[in-house]
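Residue numbers (the working numbering), protein chains in the order written: chain A, 10 to 353; chain B, 10 to 353; chain C, 10 to 353.
Any given hint might turn out to be false.
Chain copies aren't distinguished; within one or between two, either way the pair holds.
[Said to hold, decoys possible] Under the rule of at most 30 angstroms between Cα atoms (straight-line distance), these lysine-lysine pairs were calculated in the DSSO-like manner: (1) LYS286 x LYS302; (2) LYS167 x LYS72; (3) LYS72 x LYS48; (4) LYS48 x LYS167.
If you are wondering where the hints come from, they were derived from the structure by calculation, not from laboratory data.
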Amino acid sequence: MFPKNAWYVACTPDEIATRPLGRTVCNERLVVFRGPEGKVAALEDWCPHRGAPLSLGAVVDGKLVCGYHGLEMGCDGKTVAMPGQRVRGFAPLRSYPAVERHGYVWVWPGDAAQADAAKLPHLPWADDPAWTFGGGMFHVRCDYRLMIDNLMDLTHEKYVHATSIGQPELDEIVPQSAVEGDTVVTRREIPGVKAPPFWAAAMRGNGLDDSATVDRWQRCRFVPPANVLIDVGVALAGQGGFDAPAAVKTSGIVVDLITPETETSIWYFWGLARNFKPEDAALTAQIREAQSKVFQEDLEMLESQQRNHSAQPERALLSLNTDYGGVQARKVVQRLVEQERAAR
Amino acid sequence: MFPKNAWYVACTPDEIATRPLGRTVCNERLVVFRGPEGKVAALEDWCPHRGAPLSLGAVVDGKLVCGYHGLEMGCDGKTVAMPGQRVRGFAPLRSYPAVERHGYVWVWPGDAAQADAAKLPHLPWADDPAWTFGGGMFHVRCDYRLMIDNLMDLTHEKYVHATSIGQPELDEIVPQSAVEGDTVVTRREIPGVKAPPFWAAAMRGNGLDDSATVDRWQRCRFVPPANVLIDVGVALAGQGGFDAPAAVKTSGIVVDLITPETETSIWYFWGLARNFKPEDAALTAQIREAQSKVFQEDLEMLESQQRNHSAQPERALLSLNTDYGGVQARKVVQRLVEQERAAR
Amino acid sequence: MFPKNAWYVACTPDEIATRPLGRTVCNERLVVFRGPEGKVAALEDWCPHRGAPLSLGAVVDGKLVCGYHGLEMGCDGKTVAMPGQRVRGFAPLRSYPAVERHGYVWVWPGDAAQADAAKLPHLPWADDPAWTFGGGMFHVRCDYRLMIDNLMDLTHEKYVHATSIGQPELDEIVPQSAVEGDTVVTRREIPGVKAPPFWAAAMRGNGLDDSATVDRWQRCRFVPPANVLIDVGVALAGQGGFDAPAAVKTSGIVVDLITPETETSIWYFWGLARNFKPEDAALTAQIREAQSKVFQEDLEMLESQQRNHSAQPERALLSLNTDYGGVQARKVVQRLVEQERAAR
Numbered sequence: 010m011f012p013k014n015a016w017y018v019a020c021t022p023d024e025i026a027t028r029p030l031g032r033t034v035c036n037e038r039l040v041v042f043r044g045p046e047g048k049v050a051a052l053e054d055w056c057p058h059r060g061a062p063l064s065l066g067a068v069v070d071g072k073l074v075c076g077y078h079g080l081e082m083g084c085d086g087k088t089v090a091m092p093g094q095r096v097r098g099f100a101p102l103r104s105y106p107a108v109e110r111h112g113y114v115w116v117w118p119g120d121a122a123q124a125d126a127a128k129l130p131h132l133p134w135a136d137d138p139a140w141t142f143g144g145g146m147f148h149v150r151c152d153y154r155l156m157i158d159n160l161m162d163l164t165h166e167k168y169v170h171a172t173s174i175g176q177p178e179l180d181e182i183v184p185q186s187a188v189e190g191d192t193v194v195t196r197r198e199i200p201g202v203k204a205p206p207f208w209a210a211a212m213r214g215n216g217l218d219d220s221a222t223v224d225r226w227q228r229c230r231f232v233p234p235a236n237v238l239i240d241v242g243v244a245l246a247g248q249g250g251f252d253a254p255a256a257v258k259t260s261g262i263v264v265d266l267i268t269p270e271t272e273t274s275i276w277y278f279w280g281l282a283r284n285f286k287p288e289d290a291a292l293t294a295q296i297r298e299a300q301s302k303v304f305q306e307d308l309e310m311l312e313s314q315q316r317n318h319s320a321q322p323e324r325a326l327l328s329l330n331t332d333y334g335g336v337q338a339r340k341v342v343q344r345l346v347e348q349e350r351a352a353r
Numbered sequence: 010m011f012p013k014n015a016w017y018v019a020c021t022p023d024e025i026a027t028r029p030l031g032r033t034v035c036n037e038r039l040v041v042f043r044g045p046e047g048k049v050a051a052l053e054d055w056c057p058h059r060g061a062p063l064s065l066g067a068v069v070d071g072k073l074v075c076g077y078h079g080l081e082m083g084c085d086g087k088t089v090a091m092p093g094q095r096v097r098g099f100a101p102l103r104s105y106p107a108v109e110r111h112g113y114v115w116v117w118p119g120d121a122a123q124a125d126a127a128k129l130p131h132l133p134w135a136d137d138p139a140w141t142f143g144g145g146m147f148h149v150r151c152d153y154r155l156m157i158d159n160l161m162d163l164t165h166e167k168y169v170h171a172t173s174i175g176q177p178e179l180d181e182i183v184p185q186s187a188v189e190g191d192t193v194v195t196r197r198e199i200p201g202v203k204a205p206p207f208w209a210a211a212m213r214g215n216g217l218d219d220s221a222t223v224d225r226w227q228r229c230r231f232v233p234p235a236n237v238l239i240d241v242g243v244a245l246a247g248q249g250g251f252d253a254p255a256a257v258k259t260s261g262i263v264v265d266l267i268t269p270e271t272e273t274s275i276w277y278f279w280g281l282a283r284n285f286k287p288e289d290a291a292l293t294a295q296i297r298e299a300q301s302k303v304f305q306e307d308l309e310m311l312e313s314q315q316r317n318h319s320a321q322p323e324r325a326l327l328s329l330n331t332d333y334g335g336v337q338a339r340k341v342v343q344r345l346v347e348q349e350r351a352a353r
Numbered sequence: 010m011f012p013k014n015a016w017y018v019a020c021t022p023d024e025i026a027t028r029p030l031g032r033t034v035c036n037e038r039l040v041v042f043r044g045p046e047g048k049v050a051a052l053e054d055w056c057p058h059r060g061a062p063l064s065l066g067a068v069v070d071g072k073l074v075c076g077y078h079g080l081e082m083g084c085d086g087k088t089v090a091m092p093g094q095r096v097r098g099f100a101p102l103r104s105y106p107a108v109e110r111h112g113y114v115w116v117w118p119g120d121a122a123q124a125d126a127a128k129l130p131h132l133p134w135a136d137d138p139a140w141t142f143g144g145g146m147f148h149v150r151c152d153y154r155l156m157i158d159n160l161m162d163l164t165h166e167k168y169v170h171a172t173s174i175g176q177p178e179l180d181e182i183v184p185q186s187a188v189e190g191d192t193v194v195t196r197r198e199i200p201g202v203k204a205p206p207f208w209a210a211a212m213r214g215n216g217l218d219d220s221a222t223v224d225r226w227q228r229c230r231f232v233p234p235a236n237v238l239i240d241v242g243v244a245l246a247g248q249g250g251f252d253a254p255a256a257v258k259t260s261g262i263v264v265d266l267i268t269p270e271t272e273t274s275i276w277y278f279w280g281l282a283r284n285f286k287p288e289d290a291a292l293t294a295q296i297r298e299a300q301s302k303v304f305q306e307d308l309e310m311l312e313s314q315q316r317n318h319s320a321q322p323e324r325a326l327l328s329l330n331t332d333y334g335g336v337q338a339r340k341v342v343q344r345l346v347e348q349e350r351a352a353r
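Generate the whole structure from the sequences, applying the supplied hints.
The structure is reproduced here in structure tokens:
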């Protein structure tokens, strides 16, 4: 149950730097690679000759060469050549729209005619030298919607992330949520608190006094099909919070790009974009390591929750005010899926 | 195929000493924990909020706090509180009768109205200072009835446990079996033999000459739903065997408490209770280690047998006189299951 | 989808040297062992007493003794004895025809009445002192027909085995194929080339100049149900190739005996028979090691191809001229399976 007419992250560029990559996206088994002039391409991972995965092959002169018998495949899914064979009649492979942008390779697993690069999510920090980014990827065995729920209701930080980003005041603030077209925003402002360990370390890295009282904020934005971008930060108390001057705050954007692999597993691309000390690679590595630990704390919970849901798929869940963001995001997704069904 | 209106061991106290435990008993996914005043409790392992397993949470002030968003659950399955929420309307969880007794935590996975602590198995040694106990637990992938068969027909000792408790004379003695209501007893007396290695070591531990000729006995008692208690021992030959004076014998009770996890897997709680040198902790550790090795010898056989049965579930088995104990135990279980069916 | 009225390799003699072996052949779970006078036997791996696998037992005085309760089984599937029991009425096990020949233990998983040792594949080198053999066995998760395809179309050597037996000229030569009754032969002659690394090493081992120009040949012979025997070699150029005098060539027979375990897994017995320097055990070990590496290169491809086929079982494959050998072999197998169906 996921929209297929949408852009999903297939991989990061380093994953296809030296060889093609086999990856399942929305139940489609793909091979992702760089064709002529390094342009990214995605095809069915199936050699038209004997059904071997093309991802076990190699890219030679911009063509994807099957590792079994040397069939040469073009980016459009048409066989270019094969030793000793005439290939004109070979059935073409399905080709998936693919675009490299914002530091990711995106694919469109649905109807290629509707693919439009203008529909890619807008990640302005990715191409702005005043910003930097560090992140990673996890494979998680859960429905992608459980991950969206997780990210749109940050009251879990107090419990799951008690030693890093959680703090007692978190669930005393009722979040404010709003639906804006297909996007959903949930905001929480936590004024006059001490920074929890993750943010204290970030303040130190940014040259701020980590013992100061701060105003903290979280603004979670769900963007379909399965992306959550979260403005997060702390500012010295009383300086305007989110709107405080750069000199008194430490902030960034938590980036969560979720790609369903199957109905119950995901590729989870995560990271933090920041505009303080962007040139400090050691700080980037330190933040990335801390964030990796935080997200790993979620994995056991999400996979256990999925096992529970799989055992009792019909059992009802409660939707409280804190769940509003996730519930609305699910409604958006549901509507998109129904639109796709109706159009077929 | 197991009685559900019965007490089963869910865990030992050390398994819930510091945190709740998730455990499946008779296909029911439970969370077991200590509530107010340390009283044990068992509930469905499902948070009524979003279906996360409560076993990933923590016990705080006698309440089970969900590790995801902090819902506080009581021992009765009713939500006590949740940060920022009114919880009165939250659907209650199913609560399972739970009792701590004889060094185990017992749960009743069936109809709570029929649960009665008086139906717990009688393990008098557990609370008698003249006795001590050492044991452990294994997870085994087999139908619990294969384990009962194993324990009610000890002719397998000669083959499976040739180097520990087996001895050539074992299968020369035809066992005597009897059904007493819902219990089944199989006895075997082996007069005038040398003690096999396990018992020779126990005799040495008990200050007896391990080279002496002994009379050996085994009295296996099946107690439903799935417990087998075995009086075992050796006495200097001609002194009365089982009834010999304490000074000339070394004996104990093999304790086998079997809890079905699913139709084809069990939690197997095993141990030895003894009334010789109960204060000798080193001897307890040594016996426990030896017994652990003996029971591990059974595991490969039982799991392989289960794989064979799963591959050919309809294929008939032979029931010989040596199988009488297991066959009668299966009949008791079958009758109990049919009674439960009829009552529904 | 495999013929069952056929001889398949169950194991090598060393696998049953000290104890019985449990092995599944064509979906039949077998125990293979040596009975009286060391004669090989194969039975259902199921003790008629309680369904334990007999393969966990031991052979004692030519009888297979169950490792659980000591039932003694004869090679004909009839219970010989059991401690304390009369066994005349015990249901017999199915016994499978078994023969030891050519260094292998062969079983006939189908109708025993049709088993005939005369139908065993002819492997004359196995019993000829002028020849020697080195080989091994792999378990591979693929349909046995994918392995036959692999062996009957050696154009894959250039891609899968680029650093050992592959060479650029391989796919420039169109192979010649022919069907001879139930066997299929595919020939390829590659004149005037340099020996690839595997063959260069073999030439050195055989005392030939490994830098010389050679004529190379491959003659793949499929013999049902699932054997492929390949005449391979190199001779100094212009000396007659396959027919060159022994002094100027290095050659052998690649032996591939494939036993389906299930529809999608095989036991793959491979090796090289050679008639040069048969007494040189170090050379045998060196060739065996090199060949093991070559065949391991195929495993990832075959198992990945199988996963692709399992995901899209109805998807069509192309059958090119290079696939002729495998396609014809599949037709032979198909015809044999249909003959078996018609006869039932």
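How the hints compare with the structure:
no. : hint            : result
1   : LYS286 x LYS302 : within (22 angstroms within a copy, 50 angstroms between copies)
2   : LYS167 x LYS72  : between (50 angstroms within a copy, 17 angstroms between copies)
3   : LYS72 x LYS48   : within (11 angstroms within a copy, 57 angstroms between copies)
4   : LYS48 x LYS167  : between (44 angstroms within a copy, 27 angstroms between copies)
Going down the numbered hints, you'll see the structure goes against none, and every one checks out.
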